Amino acid sequence: MKYASVQVPPREEDGVTFPKLNNVVTIENCFYYISLMERFLQYKSILGPDLVKIMLSRAEVRYTRWLRYIQDKYKASQEPEIICPPLDVAYMWHAHMLSPFRYFEDLARNVQFQSFKADFPLKLLHTSGLMPEPSAEDLQVWKEIYGDEEPYRLTADNVSKGDFTMECSFCNKDMLCSWFVSHAYHQMQVTQNSVYFLCRPQYTNWRFDPNVSIQCHHCHEETTVHTVSLRNFAVDVERTGCRLAGTLLRRNGSLRLIDYPESRAMDQLVEIGKRLYPTTGLFDPKDSIDDLVRKIEACSKEKDCTFPHLTSRIVGCIRSAYHGNPSPFSIDLIQAVGRQHDFNHKATQVVNWQVPFGIGRGIRQYYKFLTMMRRHRGEILVPTLEIDLAWHTHMLHPQKYREYTLQRVRQYVNHDDNIDPIQLAKFEATTNKLWKKSYKGKNLLNDKDNDQPMDDGGGRSLFNKIKGAVLADDPGDFVYGNLPDGIVIVAPGETDLHLDSSCHDRRNVGALYQIYRESADAQATTYDAVQGTGYGYIGKINCAASNIGIDETNKA
Numbered sequence: 010m011k012y013a014s015v016q017v018p019p020r021e022e023d024g025v026t027f028p029k030l031n032n033v034v035t036i037e038n039c040f041y042y043i044s045l046m047e048r049f050l051q052y053k054s055i056l057g058p059d060l061v062k063i064m065l066s067r068a069e070v071r072y073t074r075w076l077r078y079i080q081d082k083y084k085a086s087q088e089p090e091i092i093c094p095p096l097d098v099a100y101m102w103h104a105h106m107l108s109p110f111r112y113f114e115d116l117a118r119n120v121q122f123q124s125f126k127a128d129f130p131l132k133l134l135h136t137s138g139l140m141p142e143p144s145a146e147d148l149q150v151w152k153e154i155y156g157d158e159e160p161y162r163l164t165a166d167n168v169s170k171g172d173f174t175m176e177c178s179f180c181n182k183d184m185l186c187s188w189f190v191s192h193a194y195h196q197m198q199v200t201q202n203s204v205y206f207l208c209r210p211q212y213t214n215w216r217f218d219p220n221v222s223i224q225c226h227h228c229h230e231e232t233t234v235h236t237v238s239l240r241n242f243a244v245d246v247e248r249t250g251c252r253l254a255g256t257l258l259r260r261n262g263s264l265r266l267i268d269y270p271e272s273r274a275m276d277q278l279v280e281i282g283k284r285l286y287p288t289t290g291l292f293d294p295k296d297s298i299d300d301l302v303r304k305i306e307a308c309s310k311e312k313d314c315t316f317p318h319l320t321s322r323i324v325g326c327i328r329s330a331y332h333g334n335p336s337p338f339s340i341d342l343i344q345a346v347g348r349q350h351d352f353n354h355k356a357t358q359v360v361n362w363q364v365p366f367g368i369g370r371g372i373r374q375y376y377k378f379l380t381m382m383r384r385h386r387g388e389i390l391v392p393t394l395e396i397d398l399a400w401h402t403h404m405l406h407p408q409k410y411r412e413y414t415l416q417r418v419r420q421y422v423n424h425d426d427n428i429d430p431i432q433l434a435k436f437e438a439t440t441n442k443l444w445k446k447s448y449k450g451k452n453l454l455n456d457k458d459n460d461q462p463m464d465d466g467g468g469r470s471l472f473n474k475i476k477g478a479v480l481a482d483d484p485g486d487f488v489y490g491n492l493p494d495g496i497v498i499v500a501p502g503e504t505d506l507h508l509d510s511s512c513h514d515r516r517n518v519g520a521l522y523q524i525y526r527e528s529a530d531a532q533a534t535t536y537d538a539v540q541g542t543g544y545g546y547i548g549k550i551n552c553a554a555s556n557i558g559i560d561e562t563n564k565a
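Count along the sequence shown from 1, then add 9; that gives the number in the numbering used here.
In short, the hints are calculated from the structure, not lab data. It should be emphasised that the depicted structure is a prediction, and the values quoted were computed from it without experimental measurement. Don't take each hint at face value.
Computed list of lysine-lysine pairs in BS3-like fashion (alpha-carbon distance at most 27 Å, straight line) [claimed, not checked]:
{"hint": "1", "residue 1": "Lys-152", "residue 2": "Lys-53"}
{"hint": "2", "residue 1": "Lys-132", "residue 2": "Lys-53"}
{"hint": "3", "residue 1": "Lys-355", "residue 2": "Lys-283"}
Here are the simulated distance ranges between beta carbons [as the list claims (entries may be wrong)]:
{"hint": "4", "residue 1": "Ile-431", "residue 2": "Glu-176", "range": "35 to 41 Å"}
{"hint": "5", "residue 1": "Asn-167", "residue 2": "Ala-85", "range": "30 to 36 Å"}
{"hint": "6", "residue 1": "His-229", "residue 2": "Ala-145", "range": "45 to 51 Å"}
{"hint": "7", "residue 1": "Ser-263", "residue 2": "Lys-435", "range": "25 to 31 Å"}
{"hint": "8", "residue 1": "Arg-259", "residue 2": "Ala-438", "range": "27 to 33 Å"}
{"hint": "9", "residue 1": "Asn-220", "residue 2": "Asp-59", "range": "14 to 20 Å"}
Note that the Cβ used here is the ideal one computed from N, Cα and C, for glycine as well.
Given only the sequences and the hints, what does the whole structure look like? Please build it.
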């Protein structure tokens, strides 16, 4: 491998200083990130498409336990030593961090705030990748966390072996599943809290296909990803005092602790639901998402509902954070991982970084990009691939990223979850227009000479100069360095991908996982429902309603 096999990343020498921002967006960390993406791609290539689905289904469950481990470590110590996460867990963790609003809010909702202090271990993952086997210490700690039956590394030989226990959405009894291959289990074991099947269903098929259900051998009801997601919503309403995923942050990303009208509105809707639907109340496990939405809308029209204007916000949260998502998180992490595939491929297989020059150029461009965000808050801006590498690296240090953007950019900057891929051209045009205004007539995207010095204010009125000084356009905490930018060499007839826009298109994930469902309209509707919240919407692998199923005309 080109990057993952390198023993030592680029170092400063002979009077050369590298650019860096916030002490974490460095050439070294960006290099480690490229190395990690290269390992992600190799890992998926070795497993193949079918085993990748099993790996991701299993990784999502393993990552949930990993966060509890990180929470415990940071609760016990300010600077704990953690083991290196296995590659599948790292894949989930990094994808979660790349949706900053969702990551921060999920940890807050699940009372895992200490985990937010943890940086993603880029260097540790790089050095561990150079070793043929994990260390004995890591394996011992892993066994203490996960037990003897869960392997540290998921390989083609073991990824489909073993079982997973999930709860029935109706009676809360345990249901034992295989990860993929159903096999006979000739003894039915019934205990006070669990019922085991004669034939174990396949969890991976269930996780990827909304049409697949798992029948409980105790109550005989069928659990789907939709029944689990609605149950998660009902539990959040009861457990957290109606603090719903997708509502805890203000538009600028600050946490809402006191001013929380959605919580009061949801509590009121629940009480009205008890009156209108005396048998089941607002939540019936047999309802569809549309049934629940209709109930909420009916309750909001009652005279004693004092928050009818918040109904659309609550419905948007249900559709974006809960619907079709059986995990405890507010985003579908399997979708999030798939959404990064194109970027991983381009960053490791297509772009020639001319290390360290291209990485350094990207860090400088990222600094200018943040400056432009500060000047034009509220605009949706599109980064280049070079900028996005630096941006991702920054987000993999979540606490530093949050503090920096809130202080320096005056808002907690979400990633490109707000970019509707259908409107990408519009956002690219806006980005180029604002970039040219700030950087002396050059485009950011698809321009061969875009690394120009910051506009020094020449030609601006005295009022605008004073305004710029008061607003302090410069985000700060940045070292420009003296490393040359290098020369981008593009072969005749080829596109300069260094200046290509970087948008993680949710529409590409279905083809990656070989899922062909009529979900584009549903995903677009959900995106529209949460567009004004700042959270954005990355999509779902199970977005299609259960009665839609497979669209044969869209199969490859």
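To see whether the hints hold, each was checked on the structure:
1. With a C-alpha separation of about 25 Å, the suggested pairing of Lys-152 with Lys-53 holds against the 27 Å cut-off.
2. This hinted pair checks out: Lys-132 and Lys-53 have alpha carbons roughly 21 Å apart, not beyond 27 Å.
3. Annotation: proposed proximity of Lys-355 to Lys-283 is violated, straight-line Cα distance about 53 Å (limit 27 Å).
4. Hint check: Ile-431 to Glu-176, Cβ distance near 38 Å, so the stated range 35 to 41 Å holds.
5. Between Asn-167 and Ala-85 the Cβ separation comes to about 31 Å, which falls inside the hinted range of 30 to 36 Å.
6. Judged by the Cβ atoms, the range 45 to 51 Å given for His-229 and Ala-145 holds: they are separated by roughly 47 Å.
7. Range check, Ser-263 to Lys-435: Cβ separation about 28 Å, and the 25 to 31 Å hint holds.
8. A hinted range of 27 to 33 Å for the beta carbons of Arg-259 and Ala-438 is consistent with their spacing of about 28 Å.
9. For Asn-220 and Asp-59, the hinted distance range of 14 to 20 Å is satisfied, since their beta carbons lie about 18 Å from each other.
Figure legend: structure checked against the earlier numbered hints; the only hint not met is number 3.
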